[in-house]
Amino acid sequence: MSIVPADPLVQLETTCGTLLYELQIIWDEVGESDTERDKMLLELERECLEVYRRKVDQANKCRAQLRQAIADSEAELAAICSAMGERPVHIRQSDQNPGSLKAELRAILPQLDEMRKRKCERKNQFLEILEQIQKIKCEIYRSTGYPPANTVLDETDLSLRKLEELQTELQALQMEKSERLKKVLDRLNTLNSLCLVLGMDFKETVDEVHPSLGESEGTKNISNDTIEQLAAAIQRLREIKIQRMQRLQDLATSLLELWNLMDTPLEEQQIFQSVTANIAASEDETTEPNMLSVDFIKYVEAEVSRLEELKSSKMKELVLKKRFELEDICRKTHIIPESDSSLDVAIEAIESGAVDASSVLEQIELQISNIKEEAFCRKEILEKVEKWMAACEEECWLEEYNRDDNRYNAGRGAHLTLKRAEKARALVNKLPAMVEALASKITAWENERGTEFSYDGIRLLSMLEEYTILRQEKELERKRQRDQKKLQGQLITEQEALYGSKPSPMKCQSGKKGSRLSCGGGASNRRLSLGGTMLQTPKADLLQPTRATPNTRQAKKIERLHQNDHSNLLKDDGIASLSAGRRGLDIAGLPVKKSSFGESPMVRKPFSPISSTDSSKSNATNILEDLSRKHNDMLQKTLSSNNASFTTPSKIISAVEEENRTPKAKTIPVPATPATVSVPMQTAVTPALFAAPPSNSKPVDDIPEEIEYSFEERRAGFVLPNSSLKTTILV
Amino acid sequence: MTAPPQVTTGRELSSPPADGITNLRFSTHSDHLLVSSWDKSVRLYDASANAVRGEFMHGGAVLDCCFHDDSSGFSAGADNTVRRLVFNYGREDILGRHDAPVRCVEYSSATGQVITGSWDKTLKCWDPRGASGQDRTLLGTYTQPERVYSLSLVGNRLVVATAGRHVNVYDLRNMSQPEQRRESSLKYQTRCVRCYPNGTGYALSSVEGRVAMEFFDLSEAGQSKKYAFKCHRKSEAGRDIVYPVNSIAFHPIYGTFATGGCDGYVNVWDGNNKKRLYQYSKYPTSIAALSFSRDGKLLAVASSYTYEEGDKPHEPDAIFVRSVNEVEIKPKPKVLPNPST
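So the sequences go chain by chain: A and B. Here the first sequence stands for residues 1 to 731, numbered as in the UniProt record's numbering. Here the second sequence stands for residues 1 to 341, numbered as in the UniProt record's numbering.
Isolated chain A (complex conformation):
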């Protein structure tokens, strides 16, 4: 079937007409009745109508849908606009209807899309801001237990105004946050500086407050709680700081005091300059790191205590010095210091720390001034005493001089002694008057003061009395002697008449010398004979033997003689004691020469020859004298070292001595006592010496031997087969 594309209706009509025509033809052919034909036609008509109605309905529905869509879009648009706070777009209200519904819808849809997009953007903005707000709030109120409220976005209000509101809120929050941060940093700074000054670990301190604070990077906790804790920590440290500062300042003050007191050198002070510089500083001014650390304070404390110790020792020194001064004055003025023991006690007390040294010092100074005063008023008398004593000494000298029979022998300096004697005689004549005057002066002094005038603890008056008594006695003695002499003279002349020969004076020189010495050197009666010249404090008496020079010199000489003698006796084993005695005598006769000889081997210089006489003799034959002499020297050396109470030179020497005990060398050190030999020598060299002690006359061989051993023998434990038990002990 071919359809001609033309006007559809026309086409339709044509097709319907043709179809109808066709139908009529068919009908004609068929021969359908007209009624039938009408009926058919009616049905056709009805069916056609039905189709039309359905189509119209369909179209109508479509139109309604379209309208609905437009309305919906418009409504949405309006909602969005209102939410965004914008003026709604009234498209439909406008009079110019753009046309069909479809066009209208097409027009509205892009707008809607646009608005939707904008809304979405706006919403995102909101969300962003809200999120930030949330975060900040969270940071600020975190620890206070704010619920972590989720961001609730009110979709209905997305207007710019709301946005602005939120933004301002955000800004406010941000501001607060930065403020808090600043505060926290501020406090941390403060804390840090405090820690530095106090020598504490900053990180540790901060970690106690909140661990996040100590980290140099990363966010710091800025909650109220943290800030409060920081403040508390700062407060605490500040208190410690103030406390320590006070301590340090106290120390500084004492340091300064001590420096001033002891003139501490600047270099020493320099080290602690930082301490003293801060002495008046307020709390904020002390910023130097470690200035207030525990260690530093301890260090300063140590210095202070050191200085204090120094001070106390210096004080002690001072006290002792003052005490010596006091004693010195006392000695000079011959006053016995009264409170010796009390001073000792005081010094002990200082040492133990019971008493302040300064008070003791004051006390001593007071005593010194007292003593000085007293010394001043004693001065006049003391001067006189001095003169008197000098006169006494001269008197003593004169006495001795008078006893010397050779005094007029013209020797070197004889005229000087003569002159001295002359002067001394004049002085001695004045002595009684002097004593008298002194005595009266003393009595006057004593009356005035009501106390005794003591001289080194002894009443001066009594000393004077003693002296006068002694003098009288001496006078008497002298008179008696004179009488005796006269008598003797008579006797001699009588004898001369009888026998015709005049015996020479009996006294031998040495005897004279001895007597003179014993008289002059009698240390114990010196005090009496001199009327107190040598009179000192009891302590001084002990020292006198050493001061009485002539006496000691003699003693020394004699001692040396003993040594020579002694060693001789010991050494000459084969030689009889008699010869030993003679030898001793010889030596005694030539004291000077022998003593110098005794010295010489000791001072022999390295490489100096052994004396030539020795060497010439010490030949193939054994020369005893030579040997003995050498042993002499040796023994003398050892003996002198023993006698002079030196400690033995060394371990080795002593070892050597022990081991070198040859039979002769150290047989009997005790029996040959120097005392027995030396006693007669001290008074005079008399023939009595020949009668040597019997112990020496025994042959020395009898004495048990001690055998020397070398180091190797000792080590090997080697013992001579015939030696006694003694030697084994030695080994």
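Bear in mind the hints are in silico, worked out from the structure with no lab data behind them. Keep in mind the model is a prediction, meaning the values are calculated, not measured. Backbone N, C-alpha and C fix where the C-beta goes; we use that ideal spot for every residue, glycine too. It is possible that some hints are incorrect.
Claimed, not checked - Beyond 12 angstroms from chain A on every Cβ pair, some chain B residues (computed): (1) 12; (2) 49; (3) 54; (4) 70; (5) 92; (6) 121; (7) 199; (8) 244; (9) 306; (10) 333.
To be verified - Looking from chain B toward chain A, a few residues come up when the C-beta cut is under 10 angstroms (computed): (11) 61; (12) 141; (13) 163; (14) 246.
To be verified - Partial selection, computed: residues in chain B whose CB lies under 7 angstroms from chain A: (15) 119; (16) 149; (17) 217.
Fit chain B to the supplied structure of chain A, relying on the hints for placement.
The following block gives chain B in isolation, referenced to the frame of chain A:
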């Protein structure tokens, strides 16, 4: 060389004796060093190589040793025995015995005899060649006044120092009696005696820090040269501490000599000019023995406690070999007084 050379003390030899060193001697043919010790050993060291070349263990402490030739030597034992040691084979023969420990041994190349001195107060001469049986080796026994402490040989002269400060001088060709009987001119026990290399005398040291220089010549002129000097002393706080002088060693060329004392010092002296030439820095403990090598270029020093203070803790025993500087040992002639001044 294991030990680094030390400037101050010389090179210390490795593996020293374990106990006190009694003597050490350089060979006259090489730089070999023979060392005897209380540890019952005799050791042969090669001083230049710092190595032990041989070791002999005896039945008792060895008090002295000496070389025969470069390959053999002799030892004197505290077990009364005199031994001959052959280094190459490590063999030892007994030459003979004394009645007491043998203190010292010397070999006389002039007569080919071995001379030993003992605490049994005798001197014995031995012929080392007749090594079988004592009858054939023993040449003679000579009684001494006391225990023999030290021996020294020069040429045909033999000097014997004994206890009791006796000194006997023998002529080896006529040993029947001493050529000279002397007494030490020092007052204390003799420690060591050594003849001058030129054969004119001997030096003798005592336990009391002194050395005497003696001469054989008995004429007045000869004896006028003798003298003694102090050494090995320390002055401390005004007191002299005196140490025994254990050892003397003469330089083979210059005739100067070194002394070693219990103070641990080695001093070098010029006997003719009466001068001390040098003092080496202190050794750890007493100097027990000294020996110059044949050319005098080396000095062996035994630093070893010599029992002078009995049994006590002490530094370890050591042997130092030092090379000798000419300055330290060459005699310095006396400065003549300038006539112009």
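Broken hints, by number = The structure breaks hints 6, 8, 9, 12, 17; every other hint is satisfied.
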